[in-house]
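Asker: So you can see what is in the structure, the chains are spelled out below.
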Amino acid sequence: MSLLTAAGVSKSFAGIRALDDVGIEVAVGELVGLIGPNGAGKTTFFNCLLGMLRPDEGTVSFDGHDLSRIPTHRRAKLGIGRTFQRIELFGGMSVREHLLVAERAHRGEGRLWKDIVGRGRVTAAERERADAVLDRLGLLADAERPIESLSLGRGRLVEIGRALMTDPRLLLLDEPSSGLDHQETEELSAVLRAVNLDEGVAILLVEHDVAMVRALVSRVFVLDFGTLIASGPTETVFADAGVRRAYLGAES
Amino acid sequence: MLEDFIRSVFQGVPVGAVYALIALGFTLTYKTAGVFNLAFGAQAFVAAAVHWELHVHNGWNVAVSAAIAVLVVSPALGVALDFVLFRHLRAASSGARLVTTIGLLVAIPNITKLVLRFTRHPSTGGARGLFSGPDVVYRPFGDAYPITRDELVQLGVVVVAGLALGAMFRFTHLGLRMRAVVESPRLAELGGVNSARVGSFAWALSSAFAGLAGVLIAPTYQNVDAANFFELVIAGIAAAAFGSLVSLPRAFAGALGLGVASTYLATVLPTNSVLARGLKPSLPFVVLFVWVVIAPGLRGQRDVADPLSGVAPPPPASAADERSRSLTIATRGFWSVVGVIVAWAVFFAINDFWLKRIQVLLAVGVIFLSITVMTGIAGQISLCQAAFAAIGAFATTQLAVEQGMSVLVGMLLGGLVSALVGGLLAMPLVRIGGVWLALATLGFALFFHSVIAQLAVVNGGVSKPRTPRPLIGSIDFAADRAFIVLELVVFAIAATIVVLVRGGTTGRFLAALRGSEVAAASIGIGQWRSRVTAFALSAGLAGLGGGLLASAQQSVNYDVSFSPQVGLFFVVVVVTLGSRSIEGALQAAFGFVLFQPLILERALPWVINHIQPFLHVNAISGLFRDILFGLGALTFAKHPEGILEFQKRRSLNRIQRSIDRRKQQPTEAGSTP
Ligand SMILES: Nc1ncnc2c1ncn2[C@@H]1O[C@H](COP(=O)(O)OP(=O)(O)OP(=O)(O)O)[C@@H](O)[C@H]1O
Ligand SMILES: [Mg+2]
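In order, the protein sequence lines correspond to chains A and B.
Plus 72 on top of the position in the first sequence (first one is 1) and you've got my numbering.
Plus 156 on top of the position in the second sequence (first one is 1) and you've got my numbering.
These aren't lab readings, by the way, just hints derived from the structure by calculation.
Heads up, a few of these hints could be off.
Some, not all, of what chain A presents toward chain B, calculated at C-beta under 10 Å [claimed, not checked]:
(1) Met73
(2) Lys149
(3) Met237
From the three backbone atoms N, C-alpha and C, an ideal C-beta is built for every residue, glycine too.
Please construct the entire structure, taking both the sequences and the accompanying hints into account.
Answerer: Here it is in structure tokens:
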């Protein structure tokens, strides 16, 4: 069953056609890759999926809902989580606080009066849930640390943890392995596989690390200059001559 | 009708021309340095004051005096500001730069007054025209359309200045480079233009425009008073916003249009109604507010003008987070002792004068908590907190006097009314954010000042009703000491609310939004709801504090306590001392209320007179308070948590480290054989 469907998505910036009639589908619980050389439009596509950019044309629907009139933060509530290529963390918060605020946002308990009568504070149950996710990501030892003191790689993990706290059914990951060393990349792959298997979270992975993509995903879409040039089972696509020229050739 | 309009054109164009000078100068520094220069009015004031001092007071020739003010003093001031301050703030957030200019706006006029000894002249300036002698009226288009000589001169000077600016941009080498910087600072830099030099020149030029406007407009005011120049600048900014802060010609056109429109409005509205009297001067503010809300082009500007605006330094953890237990106990003990001594003094030792001050201090403390919410928690800069407080003060008074309501209920309702107004105001504004939000709130504050606060239904008319003291059951809070107890209770409740909100859902959502709007959205936090809530809460607290202040002083001292200038000063004091904590708000209230009578007028002179016998000091001018805090705001860019907070953290860290070292020494000695 299809979870996310994007059809005919186009977006231009001052004459540059960053996306041209792009359509993809992600099924429930599926692990899918989206690859393409630098500037292909992958991040722009993510932004269009989440409403951080409004596509010029095309439709996006999630779990049967048409998303075009739904603002970004409500799309998150429907069950789409994401991480950012240019990392976006909350300065001044500790690692655990990142997860706690996501947990609270997900439960939607944002009432001022509750804060005023003293019921806005972090509960033990919330803490437990946050710590479980931190543990899974290997971040528990860093829970109290201010976010500024973390390495880029750990910061990316915090972003994933923050997204996981909102119980997503689909995760959009924008180059999660950049800034990670080989060891960390392996660990990240393991975590993602586990999240996918245990909770059935579908993942759309944008990634330059070909080895990681090949190891993780069953299907890939290939973007080049804003157009979808190939899609299909991972190994078939990587064998395709056009893809090698456009992408692998440019990489290696 | 048509005749009215044509007459408005004749009268409005000279005024609009002066607005245009401001708009041009303002746009210049905004585009070259990315500084939203609210201190522009202060620069205009300096030139006007210098000109007044030389020409009116000392009888110098008009041309010489004006030339010194506009061509020497003003550019020098501009260059100095660039050199000392703004050049170093390129990487600071736009909010920090805005606070810097607000600090200057407070400090510069007071320094000028001090230097020129303006306070010694009972009446400074006065409506005497640009030249000595009576003004001359010309009627080249018939009696219906008179033009005065002053208007002609204003117009002529502006046309010449505008043409000169245009020619400079078009034909000179420097002008071309400047235009390159204006169009794209980064591109110009890549092309090898020394943007620091160009920047200095832009500051000099822009400051000269401010000076020219100041000198030209000063004679139309009753007094050479900084407040007038401030309002003038808002009109100029409204015009500049018309050009989306990019287009100089459109800014020019906007300024002329604004001049004509406000003159025309005054002729069509019923004369002498509050609307007519209030709307004419406040039209620019309304235009500014509406324009900021509706203009689509202004929104994307944040990123364009401030490439680094997204990388504001993260707020450092507040001092309390990092202490060890023993240190916490020690500091708590210290503050308890201080509290007991103060309480003893309040109840047994001090006289009426100080009692009154302390009542004001506690009420102001509640108002300042509203800035803790707005700036410390939500990270927004609002310049209309004094207006919110005034809403509470007026509402409390009217409800108690006209409706016979209990004063305490009146205060709570006043807070609610204020919260409602704040929430409504925030709805269209929170999406815009940043400096534009600050500007729109300033527009609102000035509109409130010139229209709403003048209505008899609001201020109670000429009789100036007295605000009563509360009476709960049989407990009468009319006595000062009883009232202080009540105030302490209100403050404690307000402070508790602030702390709970900060640590609760709302506060943490706001912190997330402050950290990254996109990331907050990605986990389901909508900025609109959280920020409107923060605005309403903040306005409510300000309203409550305003009501309390009115009851403390037993009347609404609007001009002294709630005017837009006072509101600016509120923000300056709180962000300087610390907007993140309850202590910060209290310290700011202390600074605002007691610094002058206690430190400047008594403690400091006493110390000075005791340590040296040569110079006898009576009291130090209150101007120093404003100057000190104004200059204090300049530290905001470096210490956004406030200087007291910063100092406290530093010294506590130092103590903590020495404790740690002492603890470690024995173990280290043991581990190394
Ligand atoms: N806000 C914007 N304004 C103008 N152009 C943009 C904007 N965002 C992206 N672009 C352009 O759109 C194109 C696609 O950019 P995008 O960031 O989506 O690529 P990408 O596939 O994510 O590349 P990378 O692998 O480097 O992350 C690029 O040419 C980029 O310059
Ligand atoms: Mg990208």
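Asker: Does each hint fit the structure? Answer for all of them.
Answerer: Going down the list of hints, with the structure as the test:
1. Met73: Because about 24 Å separates Met73 (chain A) from the closest Cβ in chain B, which is outside the 10 Å limit, the hint is violated.
2. Lys149: holds (5 Å)
3. Met237: Nearest chain B Cβ about 7 Å off; hint holds.
Checked against the numbered hints above, the structure violates only hint 1.
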